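Those protein sequence lines, which keep their order, are chains X and R.
The numbering of the first sequence is numbering that gives the first Met the number 0, which starts it at 0 and goes up by one.
The numbering of the second sequence is numbering that gives the first Met the number 0, which starts it at 0 and goes up by one.
Source of the hints: derived by calculation from the structure; they are not laboratory data.
Watch out, some of these pointers could steer you wrong.
To be verified - Derived list of chain X stretches under chain R, where covered just means 3 residues or more per stretch with a C-beta under 8 angstroms from a C-beta of chain R:
1) 76 to 87
2) 130 to 139
What the hints assert, rightly or not - Once the Cα atoms are required to be at most 30 angstroms apart in a straight line, the calculated DSBU-like pairs of lysine-lysine come out as:
3) R/101 <-> R/82
4) X/129 <-> X/107
5) R/62 <-> R/128
6) R/82 <-> X/133
7) X/107 <-> X/60
8) R/143 <-> X/86
9) X/129 <-> R/143
10) X/93 <-> X/107
11) R/143 <-> X/133
12) X/140 <-> R/143
13) R/101 <-> R/133
14) R/139 <-> X/133
15) R/101 <-> R/80
16) R/80 <-> X/133
17) R/82 <-> R/139
18) R/78 <-> X/133
19) X/107 <-> X/155
20) X/120 <-> X/155
21) X/140 <-> R/82
22) X/140 <-> R/101
23) X/86 <-> R/139
24) X/140 <-> R/80
25) R/139 <-> X/140
26) X/140 <-> X/120
27) X/120 <-> X/107
28) X/86 <-> X/116
29) R/133 <-> R/78
Computed from a predicted structure; not experimentally measured.
Glycine residues also receive a C-beta, built at the ideal position from the N, C-alpha and C atoms.
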Amino acid sequence: MKKNIIYLLLFSLTLSTVIFLIHKRVYGDTSHPGPVLQVTAIIEPCINITLSTNAIVFNCKGAPGIYNADQNVVVRVGSNCGNWTVKCSATPLKGDGATIPSERMFIKAPDTPNTDKGAGKGFEPMSAEKVVLKGSPTESKETILEFRLKTTWEDKAGTYTGQINYTYLANP
Amino acid sequence: MVFLASIFISFLIFFGNSYLVYAETDPLMSIILSPDSISFHADSSPGTFDSQPVDVTVRSDYKDWSVHCEAISPLTLSKEKNKIPFERLFINTSYINPAVDKGAGPGYESIDQPRLVAKGSLTGPMAIKASSLKFRLLTKWEDKPGTYVGQIRFTYLTNP
Chain X
0 MKKNIIYLLL FSLTLSTVIF LIHKRVYGDT SHPGPVLQVT AIIEPCINIT
50 LSTNAIVFNC KGAPGIYNAD QNVVVRVGSN CGNWTVKCSA TPLKGDGATI
100 PSERMFIKAP DTPNTDKGAG KGFEPMSAEK VVLKGSPTES KETILEFRLK
150 TTWEDKAGTY TGQINYTYLA NP
Chain R
0 MVFLASIFIS FLIFFGNSYL VYAETDPLMS IILSPDSISF HADSSPGTFD
50 SQPVDVTVRS DYKDWSVHCE AISPLTLSKE KNKIPFERLF INTSYINPAV
100 DKGAGPGYES IDQPRLVAKG SLTGPMAIKA SSLKFRLLTK WEDKPGTYVG
150 QIRFTYLTNP
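With the rest of the complex left out, here is chain X (with noise of 0.2 angstroms):
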């Protein structure tokens, strides 16, 4: 009896292993490699400015002095390079026949130095180019810019318009 177990298990066995060899055969490895497709990626350099306003208002309607632009101005950049660096200038304000120079044009930032040039702590004259902000990839960064106009008695009354311009470095 103990014997005819014995050959019966040594017939699964071999039924096991012939039945596995075949369907091993006639089916083989049923996943084969077939082609492969190349894929590129190009990202561009990438930065984006944007401003809480396209304008802002001096209302000059007093003696010459210091006067507050009639909001602050929020810029925030995006950007996928590695160093930027977002500057702003300012041109002349011009009226009939008339010009405020850029120089007193004035900018706070955040971080400009607390120095007095004129216009109050921490502001500072538009005759050059100003960094505003500067950073590595972000999707959002924002500051908040403060401006102001010193006028004189030599403006003539009237209404000036200028722009300040955004620029931008980036370091890919």
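Position chain R against the provided structure of chain X, taking the given hints into account.
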């Protein structure tokens, strides 16, 4: 006696079927990708960017077959370690539920795992267009500018 009988039956089964095995010819299965390379051009703020579509053409002698694709090397910035993971490379096929949105728009799923792209049966002597695939890349602000390269492998499963 039983042992001899079992050995005999086993060999009978083995050799009896082996003739069937050797009677089979190797079935043909060919897959052609057109084009065989794709590119994404991320030229604006981070978001989703599409490549050109890829047609999968199959010629098969198999009764049942299916083609799958899977990213085998992540998009890697040349000469640097920066990578765009598989999870941000998406595919659209007719086998994906068009209502599903996994972050790159409806009908797109990431190829962080094998995806079925085509299936069918005997095609006869002529190759057939089995599928048209769309690929989409999701970029982020932290992806450093530059050229990234990677590979997607296609594999097939068959049943003679």
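Structure-based check of each hint:
Residues of the segment 76 to 87 of chain X with a Cβ under 8 angstroms from some Cβ of chain R number 5, which satisfies the need for three, so the listed coverage holds. Interface restraint, the segment 130 to 139 of chain X with chain R: holds (3 residues with C-beta to C-beta distance below 8 angstroms; minimum three). Taken as a hint, the residue 101 of chain R and residue 82 of chain R pair is honoured in the structure, with Cα atoms around 20 angstroms apart against an allowance of 30 angstroms. A C-alpha spacing of about 10 angstroms is found between residue 129 of chain X and residue 107 of chain X, which places the hinted pair at or below 30 angstroms, so the restraint holds.
Between residue 62 of chain R and residue 128 of chain R the alpha-carbon distance is near 17 angstroms, which keeps this suggested pair within the 30 angstroms criterion. Between residue 82 of chain R and residue 133 of chain X the alpha-carbon distance is near 25 angstroms, which keeps this suggested pair within the 30 angstroms criterion. A C-alpha spacing of about 22 angstroms is found between residue 107 of chain X and residue 60 of chain X, which places the hinted pair at or below 30 angstroms, so the restraint holds. Pair hint residue 143 of chain R plus residue 86 of chain X holds up; C-alpha atoms about 22 angstroms apart against a cutoff of 30 angstroms.
Taking the CA atoms of residue 129 of chain X and residue 143 of chain R, the gap is about 27 angstroms. The hint holds against a cut of 30 angstroms. Note on residue 93 of chain X and residue 107 of chain X: the hinted pairing holds, with a Cα-Cα distance of about 22 angstroms set against a maximum of 30 angstroms. The suggested pairing of residue 143 of chain R with residue 133 of chain X holds, with an alpha-carbon distance near 17 angstroms, which does not exceed 30 angstroms. For the given pair, residue 140 of chain X sits about 17 angstroms from residue 143 of chain R by alpha-carbon distance, which is consistent with the 30 angstroms threshold.
Of the pairs offered as hints, the one joining residue 101 of chain R and residue 133 of chain R holds, with about 15 angstroms between alpha carbons and a cut-off of 30 angstroms not exceeded. With a C-alpha separation of about 19 angstroms, the suggested pair residue 139 of chain R and residue 133 of chain X falls inside the 30 angstroms cut-off, and the hint holds. Only pairs whose Cα atoms come within 30 angstroms are accepted, and residue 101 of chain R paired with residue 80 of chain R is accepted, the gap being roughly 26 angstroms. A distance of roughly 25 angstroms separates the Cα atoms of residue 80 of chain R and residue 133 of chain X; the hinted pair therefore holds under the 30 angstroms criterion.
Taking the CA atoms of residue 82 of chain R and residue 139 of chain R, the gap is about 12 angstroms. The hint holds against a cut of 30 angstroms. Our distance criterion of 30 angstroms between C-alpha atoms is met by residue 78 of chain R and residue 133 of chain X, whose separation comes to about 27 angstroms. About 26 angstroms separates the Cα atoms of residue 107 of chain X and residue 155 of chain X, which keeps this hinted pair within 30 angstroms; it holds. A hinted pair counts as satisfied when its Cα atoms are at most 30 angstroms apart, and residue 120 of chain X with residue 155 of chain X qualifies at roughly 27 angstroms.
Simply put, residue 140 of chain X and residue 82 of chain R have alpha-carbon atoms about 24 angstroms apart, close enough for the 30 angstroms limit, and the pair holds. Simply put, residue 140 of chain X and residue 101 of chain R have alpha-carbon atoms about 27 angstroms apart, close enough for the 30 angstroms limit, and the pair holds. Distance hint between residue 86 of chain X and residue 139 of chain R is fulfilled; the C-alpha atoms sit about 24 angstroms from each other, no more than 30 angstroms. Pair hint residue 140 of chain X plus residue 80 of chain R holds up; C-alpha atoms about 26 angstroms apart against a cutoff of 30 angstroms.
Proposed proximity of residue 139 of chain R and residue 140 of chain X is supported: the alpha carbons are some 15 angstroms apart, at most 30 angstroms. With a C-alpha separation of about 25 angstroms, the suggested pair residue 140 of chain X and residue 120 of chain X falls inside the 30 angstroms cut-off, and the hint holds. Simply put, residue 120 of chain X and residue 107 of chain X have alpha-carbon atoms about 9 angstroms apart, close enough for the 30 angstroms limit, and the pair holds. Taking the CA atoms of residue 86 of chain X and residue 116 of chain X, the gap is near 20 angstroms; set against the 30 angstroms cutoff, the hint holds.
In summary, the hint linking residue 133 of chain R to residue 78 of chain R is supported, as the alpha carbons are separated by about 28 angstroms, within the 30 angstroms threshold.
When held up to the earlier numbered hints, the structure conflicts with none and fits them all.
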